[in-house]
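Trainee: First to last, the sequence lines map onto chains G and A.
Start counting the first sequence at 1; every next residue gets the next number (the numbering used here).
Start counting the second sequence at 1; every next residue gets the next number (the numbering used here).
Wrong hints could be hidden among the right ones.
Restricting the straight-line Cα-Cα distance to at most 25 angstroms, the calculated cross-link-like pairs of lysine-lysine (PhoX-like) are [claimed, not checked]:
| # | chain 1 | residue 1 | chain 2 | residue 2 |
| --- | --- | --- | --- | --- |
| 1 | G | 88 | G | 75 |
| 2 | G | 133 | A | 232 |
| 3 | G | 86 | A | 63 |
| 4 | A | 172 | G | 133 |
Residues from chain A that face chain G, not an exhaustive set, calculated with beta carbons under 8 angstroms [to be verified]:
| # | residue |
| --- | --- |
| 5 | 56 |
| 6 | 248 |
| 7 | 251 |
| 8 | 256 |
These are calculated hints, taken from the structure and not from any lab test.
As the structure is a computational prediction, the values presented were derived from the model and not from experiment.
Each residue gets a CB set at the ideal place from its N, CA and C atoms; glycine is no exception.
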Amino acid sequence: MAPRYARVMAMAFAAFLAASIAMAADEMVQIKGSDTLINMVQRLAEVYMEKRPSTAIAVTGGGSGTGIAALINRKCDIANASRTIKPKEVMDANSKGVDPKRIVVAIDALSIVTNTSNPVKKLTIAQIGKIYKGEITNWKEVGGNDARIALYGRQSNSGTYDFMKEVVMEGEYSPSLKSMNGNAQIVEAIKQDATGIGYVGVGYARDAAGSVNVVKVAKDHSAGYFGPFNVADVKSGRYPITRPLNQYVNGAPSGAAKRFLMFELSDEGQSIVEKEGFFPVPDEYRKYNESTLGSSLGFPADNPESRDPNEGAG
Amino acid sequence: MARHAHKEKLIHGLFLLNGLLVVFLLAGIFAVLVKTSIPAFREIPLGQFLFSSVWNPTATFTKPSYGILAMLVSTFMVSVGALAIAIPIGVGAAAYLSDVANRHVREIAKPIVEILAGIPSVVIGFLGIVLVGPMIARIFGLPNGLNALNGAILLAVMALPTIVSLSEDALKSVPRSFQEASLALGATHWQTLVKVKIPAALSGIIAACMLGMGRAVGETMTVLMATGCSIKMPASFLDSVQTMTATIAIELGEVPYNTTHYYALFGIGLVLFIITFFVNMASDIILHKYQRVMK
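Between the sequences and the hints, there should be enough to build the whole structure, so can you do that?
Mentor: The following block contains the structure:
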């Protein structure tokens, strides 16, 4: 019994070893980080790998902080990040000889979602901030039912968690925040919880539209309320919570990683970005990306309205 | 002859080495935990660490705060809740397996109970989100079921195999003469089981429950997924909680190395280690006492 077991184990191990060598023989790109970008980048990787079967791309999540930490520790080639890198992280990277370079791959309109039974259909930025800071705790304070607000958010390793805190709330989260594992878990919770509020990337909101209520948001009381789905509203900044979705690489990208980045930013790549529910990279960021990549990307057929590259950058 | 003696010695040495390795690993882990958490206590007063319920190490708008009391209470609630559910069921199942079930049923049922131990915790956590959570929400009329009760129920399921299996062993090792004497005196099967066998096996059963508790305290993925992860001090079993293990799992992935936050997470690890160490030691002491009595 025991020797047979040992032989089976040895064979399994050998097979595993062979498989890993076969994988290693190809060009391998490791991508890690933001949960907001993961589905989109996964899709981009799938399409790319069909075109170029010799390149193996592995996309994993863990959160923006986890991705950037992995890049700094040279555990991945590309880090997905739904926030920009923090000065502290740049210092940490530099001290380890890593030079993080940023590529903007898509634009996200961070969407605020509530249960479909909730009569509150629109909120201002200030109201959203107060709700998450725990200063507004009942839905009736924002024109809804008399019910306690259940806060759903992300864990502190999430770029979206930081983006909300730094840009939208400008303050600390209420300790009642329920820290969910990812966008999908927030959507699931909001579907069930009549008193819940959550925030997810626009791609996730679009997929869930109908089963959750996507709140219209205004910059302030005097401004109009806009939803996150309309390209024009997002590009013009009328929808006020937008942010670039980034990928960080170590130094000027080259080889397989660069080819994949070029594909993501090509017309085909950007159309996949749109199919996944996010918005394509506007001109200003295209120029920024070209200078990082050191290659021309060509220009898209339609010329989008101009937009400040640093708006909503956090 | 001489060759045999050499071989014997070699094997003795090998086993000694293995035994020492385990001790060394334990001591090593403890040393690393202590060494890495000491810097935290240079900056965080021990009183704040243990008795403050505000944990917000990534605060940028206020002063960072490192109090683990809410997590400590959460871990305690979830694991004691799990035991409260698992002990009656587990001991009942063990009594059934050892005294009521016939041989065929036992031979099928016991492996099944043990397979339960092999279910990955992430799968149990998933069931907590899609099955147990909505059920709790419906029964208690709550907006959501991600709370301490959910975690307790799931951990009870995970602690059951340990409790059932070890309790059954304890019940089975009660000498047959005890049972025969009781029956000979005219006691019924039920009386024999409850008044003679379970008391005789009690220390073994308690040890089984303590080991189950050790498992519950250290469990991470399931509670991370099912308890809602809210760092507020819980007021009841229907509040969302975040255990110590969940905090480490969530935050260690992105924490900048060698910061107070990093060291504080190791501090939580140290507290966890001390708790599980004492739980396991207590179960060991109880078990030894029982073995001596039985001999």
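Trainee: It remains to establish, for every hint, whether it holds in the given structure.
Mentor: Consistency of the hints with the structure:
1. 88(G) <-> 75(G): holds (19 angstroms)
2. 133(G) <-> 232(A): Satisfied, since the Cα-Cα distance of roughly 13 angstroms is no more than 25 angstroms.
3. 86(G) <-> 63(A): At roughly 18 angstroms apart (the allowed maximum being 25 angstroms), residue 63(A) and residue 86(G) satisfy the hint.
4. 172(A) <-> 133(G): violated (57 angstroms)
5. 56: holds (6 angstroms)
6. 248: violated (12 angstroms)
7. 251: holds (6 angstroms)
8. 256: Result: holds, 6 angstroms to nearest chain G Cβ.
When each numbered hint is compared with the structure, violations occur for hints 4 and 6.
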